[in-house]
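Undergrad: Listed below are the residues making up each chain.
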Amino acid sequence: MTTLAAEHNDSLRSTGHPLAWWAWAAGCAVAASRVGNPVVLVLLLLAVVLVALARRPAGPWHRALEAGLLLGAVVVLVRTGFYLLLGLPDSSPVLVTLPTIELPAWFSNVSLLGEVHVAGLVQAAVAGLALAVLIVTVGAVNAVASPRRALRSLPASLHHLGSAAVIAVSAAPQLLTAARRVRRAQRLRGQPARGLRGLAATLIPVLAGALDQALDLAASMDSRGYARAQRGGSRLVGAALVIALLAAAAGGYGLLAATGATTLSAVLLAGGVLLAVGASVLASRSVRRTRYRAEPWGWPETVITTCGVLAAATAWVGVILDPAGLGPWRLSTGWPGLPLLALGILAAAAVPAFLPDREGR
Amino acid sequence: MIEIENLSVGYDAPVLDRLSATIDEGELCLVIGPTGSGKSTLLGAISARVPHLTGGRVAGRVRIDGRDTRQHRPRDLADLVGVVGQDPAATFTTDVVEDELAFTMEQLGVPEPLMRRRLEDVLDLLDLAELRRRPLATLSGGQAQRVAIGAVLTAQPRVLVLDEPTSALDPAAAEDVLAALARLVHDAGVTVVLAEHRLERVVGFADRVISLTPTPDGATAAVGAPAEVLARAAVAPPVTRLGRLAGWEPLPLTVRDARRAAGDLRTRLGSAVVPRTPAPGEELLRADRLRVTYGSVVAVRDVDLSVPAGQILALTGRNGAGKSSLLWALAGALPPTAGRVRAGGRVALVPQSPEDLLFRLTVVAECAAADPPGESGATRTLLDELAPGVPGEVNPRDLSEGQRLALALAVQLAPGATVLLLDEPTRGLDYGAKARLAEVLIGLRDAGHAVVVASHDVEFLAQVAGRIVQLADGQVVTDGPARTVLTDSALTAPQVARVLAPVPLLSVAEVAAALAGR
Numbered sequence: 000m001t002t003l004a005a006e007h008n009d010s011l012r013s014t015g016h017p018l019a020w021w022a023w024a025a026g027c028a029v030a031a032s033r034v035g036n037p038v039v040l041v042l043l044l045l046a047v048v049l050v051a052l053a054r055r056p057a058g059p060w061h062r063a064l065e066a067g068l069l070l071g072a073v074v075v076l077v078r079t080g081f082y083l084l085l086g087l088p089d090s091s092p093v094l095v096t097l098p099t100i101e102l103p104a105w106f107s108n109v110s111l112l113g114e115v116h117v118a119g120l121v122q123a124a125v126a127g128l129a130l131a132v133l134i135v136t137v138g139a140v141n142a143v144a145s146p147r148r149a150l151r152s153l154p155a156s157l158h159h160l161g162s163a164a165v166i167a168v169s170a171a172p173q174l175l176t177a178a179r180r181v182r183r184a185q186r187l188r189g190q191p192a193r194g195l196r197g198l199a200a201t202l203i204p205v206l207a208g209a210l211d212q213a214l215d216l217a218a219s220m221d222s223r224g225y226a227r228a229q230r231g232g233s234r235l236v237g238a239a240l241v242i243a244l245l246a247a248a249a250g251g252y253g254l255l256a257a258t259g260a261t262t263l264s265a266v267l268l269a270g271g272v273l274l275a276v277g278a279s280v281l282a283s284r285s286v287r288r289t290r291y292r293a294e295p296w297g298w299p300e301t302v303i304t305t306c307g308v309l310a311a312a313t314a315w316v317g318v319i320l321d322p323a324g325l326g327p328w329r330l331s332t333g334w335p336g337l338p339l340l341a342l343g344i345l346a347a348a349a350v351p352a353f354l355p356d357r358e359g360r
Numbered sequence: 000m001i002e003i004e005n006l007s008v009g010y011d012a013p014v015l016d017r018l019s020a021t022i023d024e025g026e027l028c029l030v031i032g033p034t035g036s037g038k039s040t041l042l043g044a045i046s047a048r049v050p051h052l053t054g055g056r057v058a059g060r061v062r063i064d065g066r067d068t069r070q071h072r073p074r075d076l077a078d079l080v081g082v083v084g085q086d087p088a089a090t091f092t093t094d095v096v097e098d099e100l101a102f103t104m105e106q107l108g109v110p111e112p113l114m115r116r117r118l119e120d121v122l123d124l125l126d127l128a129e130l131r132r133r134p135l136a137t138l139s140g141g142q143a144q145r146v147a148i149g150a151v152l153t154a155q156p157r158v159l160v161l162d163e164p165t166s167a168l169d170p171a172a173a174e175d176v177l178a179a180l181a182r183l184v185h186d187a188g189v190t191v192v193l194a195e196h197r198l199e200r201v202v203g204f205a206d207r208v209i210s211l212t213p214t215p216d217g218a219t220a221a222v223g224a225p226a227e228v229l230a231r232a233a234v235a236p237p238v239t240r241l242g243r244l245a246g247w248e249p250l251p252l253t254v255r256d257a258r259r260a261a262g263d264l265r266t267r268l269g270s271a272v273v274p275r276t277p278a279p280g281e282e283l284l285r286a287d288r289l290r291v292t293y294g295s296v297v298a299v300r301d302v303d304l305s306v307p308a309g310q311i312l313a314l315t316g317r318n319g320a321g322k323s324s325l326l327w328a329l330a331g332a333l334p335p336t337a338g339r340v341r342a343g344g345r346v347a348l349v350p351q352s353p354e355d356l357l358f359r360l361t362v363v364a365e366c367a368a369a370d371p372p373g374e375s376g377a378t379r380t381l382l383d384e385l386a387p388g389v390p391g392e393v394n395p396r397d398l399s400e401g402q403r404l405a406l407a408l409a410v411q412l413a414p415g416a417t418v419l420l421l422d423e424p425t426r427g428l429d430y431g432a433k434a435r436l437a438e439v440l441i442g443l444r445d446a447g448h449a450v451v452v453a454s455h456d457v458e459f460l461a462q463v464a465g466r467i468v469q470l471a472d473g474q475v476v477t478d479g480p481a482r483t484v485l486t487d488s489a490l491t492a493p494q495v496a497r498v499l500a501p502v503p504l505l506s507v508a509e510v511a512a513a514l515a516g517r
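Heads up: the protein sequence lines correspond to chains A and B, in order. Each step along the first sequence adds one to the number in numbering that gives the first Met the number 0, with nothing skipped, and position 64 is 63. Each step along the second sequence adds one to the number in numbering that gives the first Met the number 0, with nothing skipped, and position 136 is 135.
Hint data in this document are derived by calculation from the structure and do not stem from the laboratory. Quick caveat, the model's predicted, so the values are computed rather than measured. Virtual Cβ for every residue (Gly too), placed ideally from N, Cα, C. One thing to keep in mind: the hints can contain errors.
Residues from chain B shown here face chain A by an in silico Cβ test under 8 Å; the list is partial [to be verified]:
id	residue
1	Thr90
2	Met104
3	Ala178
4	Ala330
5	Thr336
6	Ala337
7	Arg339
8	Pro350
9	Ser399
10	Glu400
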């Protein structure tokens, strides 16, 4: 039972406060969506993977990194696939000519397949790559700081929402196990049904079982005092929180998409964050609960968070200072170099790999 | 501590009928009754889940330490009533033992220093200190159940409500959990309300028994001291039924009591004719050097086994000894790593959770789908033989455990199987349903089937098994006639055998037959 022992020892270690890791991940994500240079993107991806490999503890979320990498690869393939299917012609040389599928006349200007241009194809792959880095970052942070721990660290006002989300998250692997068990049992009845009928044969027992389990769990949580500490009057605070989150999301999107209106986006983001913090503080006052062994915040957490902020800030400023080296890149401008500022982004993203784990919790 | 006055509960049909009982502080109260008699409903009423979570019509009143459950939701009683269910894994909300133990205290807003101290106390009380940082997913059944009990105890409830906490455990793990409960009652003065099928394990600890008897107007209750109530109750452990048969007064509840009263009976039975099991027929299933591995773990280690027609073979061994893996390999559903299985006919396996086999919306549809070509109605006929009166237009999930097992059996047997394998079939069955299952298996044996049953339930095996194969660590450690193997050990023998040793009788039915035969 060496695996058990390993897990046992591993759960004694802590990789640090989950919110610090999420700050780092957010920083890397901002950098990935700002930078257009494919070389920097690939190196950023490697830095994120390095951190995850170095720091992830054993546990149920261990494999989130691999899941992220897989999903990232799928995204790049789908993105290039769409270009092959629907891509618009450009002035670059034609790589290969696929047979064109003519669409009815009312699809003006759109044809399926047809000529594949080098520039368009590379552009599509790079756009897919940026998205893939985002996805791998999310996978990496989940592998390093399990979502359960992250949600446990939410402020008290979001505690109930967080607990519910945690449980929903942990239901997914249980569903998979149940599906495997049911498939195995049904093979006992002879040739398993295929297609829709086979799907129903698996889904009905799995979902019925999941529903029973969910009701059991709800009853158990109720008996254990879940949601008991909440006093009335938090509806207004809840509404404020939702509005704040929406505003922050809209602002964040506006900023990252960088389609003009930067000032408005920044105001929205800042206002949203302020409102969210205020509502959180108000709501926390009406929730009476305590936390067992809250994650401590020490110097490694500060370093991790700073790394995230530095990566984001360097990318942000770098694109303005050196648009040719870091900004959007075109095939026509030749092989992209590795500007000095990019090294700053990469270093900031990779430093958390070399921090020590904390002994005990 | 708990006052129940004229409690009636009904959903579509009435469940409980004007039930009154008082449970004093520090008592262990056992709730018994056949499946569907409303045990869970009664426990739900005590934890305020009935009616707050279930709905339904409720009349009468339940008060816990003066708090009326009509005004208090389950969460308002969290500091007073702790609830533990059958499946601990279904109620876990975190992923490490320590966090799980702290969950309730966090909800109640217990200050952190106090939280730490209570947690240490509970770790010691339930012997969990070794497990404190273990992920919940890696715990064994008995450990998980102790963690579930610990998780409600940290809130220091004065009442603990447990709904069949040992039904999924092997005997050793069940002893563990029950010993922990007995300790809670004696040392901590916690009031415990416990529903349990396998009475023989718990009745010795009980101070009071509520016995539910189903009637068309809902179940009625008999409340009193264990010996009084069990003298008349429909369900009773084997020692008590032996006492009724022999006319002992007072009625024994434990093997110790019965053994002291049994001197006379032992001499009367001294030369009793031991019933013979019929001679087995030709070999129907054979395993040679069978080995099953999962990664680096060897589940079944070079097992040789021959199963003849007309025999019920019992596989025993603790959880994780390889019983299920061996059954799946014998059924041909799990490719063995080495060795081979030869079967002289179709092999049918009913897995541990028979509901996994069933996915159609009605019993009729399930039966129709299982009919062999050209024999429509065969499954339904078989089902009626196994369990008469199963309604046809009902979803299999809404059947009782016993009826669902019968349906799974019928579905698996209908295509003409000659070998039947059952994995823990008595889980969740009451005494009545177990007796019917025993009749069914004996009927199949007499019809020339080979039957293999993996089970922990010694009392059930005493009724059916002709041969016992005990597994430990994937290997066969014992293979012999059931009567010899079951009477070998003073600790794991069925209750009747322990009372009557050295007379080799295994069940109350055998004693009755031996007495009548004289």
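Undergrad: Work down the list of hints and note, for each, if the structure agrees.
TA: Tested hints:
| no. | hint | verdict |
| --- | --- | --- |
| 1 | Thr90 | holds (4 Å) |
| 2 | Met104 | holds (7 Å) |
| 3 | Ala178 | violated (24 Å) |
| 4 | Ala330 | holds (6 Å) |
| 5 | Thr336 | violated (17 Å) |
| 6 | Ala337 | violated (21 Å) |
| 7 | Arg339 | violated (19 Å) |
| 8 | Pro350 | holds (5 Å) |
| 9 | Ser399 | violated (15 Å) |
| 10 | Glu400 | violated (14 Å) |
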